[in-house]
Amino acid sequence: MTEAFSNRRKGDASLWRRGRLLLAAVGLLCVLAITFLVSEIVREMRFLNSASSDNVHWVLSQAEVEFLEFHNAIDLARQSDDPQALEHVVVEFDVFYSRMMTLGTGSLYADLRAIGNFGYPVSVIREKLDAMIPLIDGSRDDLRAGLGTLAAEADEIRPLLRRVATTGLQFFAERSDESRSSVAVTMLRLALITVALVLALVVLLSHTRRVSNQTERRGQELADAYARLNTILQTSLDAVVVSDLQGKILNFNAAAERIFQYSRDEVIGRNIAEVLIPDDYRAAHAAGMARMRDTGEQRVVGHGRIRLESKRRNGQIFPVELAIEKAQAGEEEVMVAFLRDISHRVASEKELVEARDKALAGEKAKAEFLAMMTHEIRTPLNGLLGNLALLDKTALSPAQGRYVRNMQISGGVLMHHVDTVLDVARFESGVSVAREEVVHLGELFQNIVDSQASAAEANGNQMLWGWVGEPAEWVRIDASRLRQVLLNLVGNATKFTRDGRILIEAERSAEPTGEMLEIRVIDSGIGISEEDQERVFNDFQTVGDANFAGQAGTGLGLGIARRFVEAMGGEIGVESTPGEGSVFWLRVPLVLADGSGKPEEHSAAAPETPGRDILLVEDNEINLELAREMLTGLGHRVTEARDGEQAVAAASGHRFDLILMDIRMPRLDGLGATRAIRSGAGASRDVPIVALSANVLPEARDSFTEAGMTGFLPKPLTEDGLLQVIARFCSGAKPAPDPAPQPPEPAISPMDRLRRRYEDETRTLFDWLATGPADRAEIAHRAHQVAGSAAAFGQSELREALVAVEMAAERNAPGLETTIAAARAAWENAPAPTLS
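Taken in order, the sequence shown gives residues 1 to 836; the numbers are from this note's numbering.
Among the hints, a few may not be true.
Unchecked claim - Capping the alpha-carbon separation at 30 Å, the derived lysine-lysine pairs in DSS-like fashion look like this:
(1) LYS128 - LYS326
(2) LYS326 - LYS248
(3) LYS326 - LYS350
(4) LYS248 - LYS350
(5) LYS350 - LYS311
Don't read these hints as lab results, they were simulated from the structure. None of these values were measured; they are calculated from a predicted model.
Turn these sequences into a full structure, and let the hints guide you.
Below is the structure:
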């Protein structure tokens, strides 16, 4: 550009010399005209310099300056996460866009735009800027994602803008020359052209110096930006690998050297596939690269971070997080890959998954243990308590009657402890569900007082209840939980009070969150020390006095009461003074209800029902005998089935009034039998089916209902429970016809019949085991059946030995024959079976 202006300056000097000769020839005659023309030319030149040339020069140079500021803003935004950097890009874009609009539409540049070297670059630049508008005006996330594209487009604009500036300056310089030439045609042509040339030279030199300074500054800025970018890449914790579209590695930062264990010099120029891609993925990588080059389809490039596997120098395969973007480096497209070693993160995730799986397995094992415990404990309890109930109906001496009642009391206490442990487990596992109902609080309190009155009188205590203030009669509340909490509190008050007074007070209170019900159990007993009050609601914590050592329980009652009250949305606490008594209080939300539609409840005893035709399904001989004795004793006709298949067959050919179905049975369990009966077309497909099970967990009951069962009766069975179930499900059914008369059986007591059946069952089991059966599942099942009965007949060592046989068979453990031999020895040495 400087050489062009120098040539132009030599031509102008020649014209200036010719002008001087012409000026001398004209002489004085042209002085006035020259003076006039000079004044006009000076005025015109001033006008041109101020309104055109200077303005054009400033606009063109300012366009380059604003372009550089826009480009720098893009570079800074790419290096920074600061949202203000993106706003700076938008501002600089708007300024540069406005400047290019001036060049593209301003009337001052209309003639200039007719020149191809000016008009075409300006239109191309405007098209590129228009293409950037969606990114600039779009979301800032899209703008940040498109910074690379903006930078590439800006690099393409730079030579076009330089071309525009050069052409513009050249055009207006020529126009200035022409203007000065036209003025110099007059008398002072040489002088004016000389002045014009000098001024043009000064302007050009100044502009050249300015452009040179700008170029030098821009070069320094680019060098600084490159140094900063190189520093960022080298200090990045993520590996940065740059390659061309053929996969040849062009750059490899320090993090990549550390992660992949290659030096930069070792990998530059090599194909990325042979260095970083595992052998199993190379074919897919090559296909993807070829597809991108041929069709432009990008399945990984530009899709954000994805998880893949890579390979170190030593051949180790490890997980990485990969993000690839395409960029323009001059005329060449390159791919920039950012890789992060996530081996530690994946290992941590794996540990978390394993920990979760272990926790879930622990919860499953806990649930299985609870189910097994309920079955293993309740099954012998069923036999024990049921036989005691039958024994109590026989002729007993006073001493025998006292022994039977004591055994019934102990069995009831044991059952209460089992239920308590299950309550705790249900709360800990989160499966306990509230069941609200409309109840009359006065009746609930009176029933609690009536049930505990005899125990209170036995200790010389007076028990009362009453309202403080306005009473609340019908309410919607979880009556079962409230009843259990109050029974626990009243029971404790009764145990630790002698010759005193126990009072249940109830009071309504208004709270900011709504109306509350406060219940206080007040006693005049031994009291609780302050330090014991802080732990009395914890599990397995007992407090008391030496005089009441025999009253200590499991320490779970108040812990369960606390859980029940908190589950009802309330709170519980205690206030006590040792030697004076205690006040246990609880507050729960009070929801009043309309009891007008509530049916009247009469006596808790079930109404008597005429004889019914009942199908009894039970695989355990002892439990089958007990249930049959109870049902026949109540006047009902009983048909027996010992597994699910027999039950389905019996229900298909005969219509019963009620089916009592055990759950755990061989061949086909109770759930499967119920589904078969419900889905079939047998005579009893719509008959009520009641589950008989020792598993009282809520999830077990839900599974019974899902299988199609109508109700649930927990073991151990009682006559009251059977009466309630029969009255509930057979109240509308037509009574079964009286059975045909049967020949009288020899007089034999029920106890003897049960004992003989148990002895035959045990002998049959060991005879069968002596044959060496291979079916371990059948061994476990039959050992389980006899083990449940052995505990009821006082042969605890035999039961333990049979349980060991059952566990060894289920686990397929070695040494099963030894375990069976030990069980046989325990049977041969066991005391005679007895229920007394």
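Here is what the structure says about each hint:
| no. | hint | verdict |
| --- | --- | --- |
| 1 | LYS128 - LYS326 | holds, 19 Å |
| 2 | LYS326 - LYS248 | holds, 14 Å |
| 3 | LYS326 - LYS350 | violated, 33 Å |
| 4 | LYS248 - LYS350 | violated, 35 Å |
| 5 | LYS350 - LYS311 | holds, 20 Å |
Checked against the numbered hints above, the structure violates hints 3 and 4; every other hint is satisfied.
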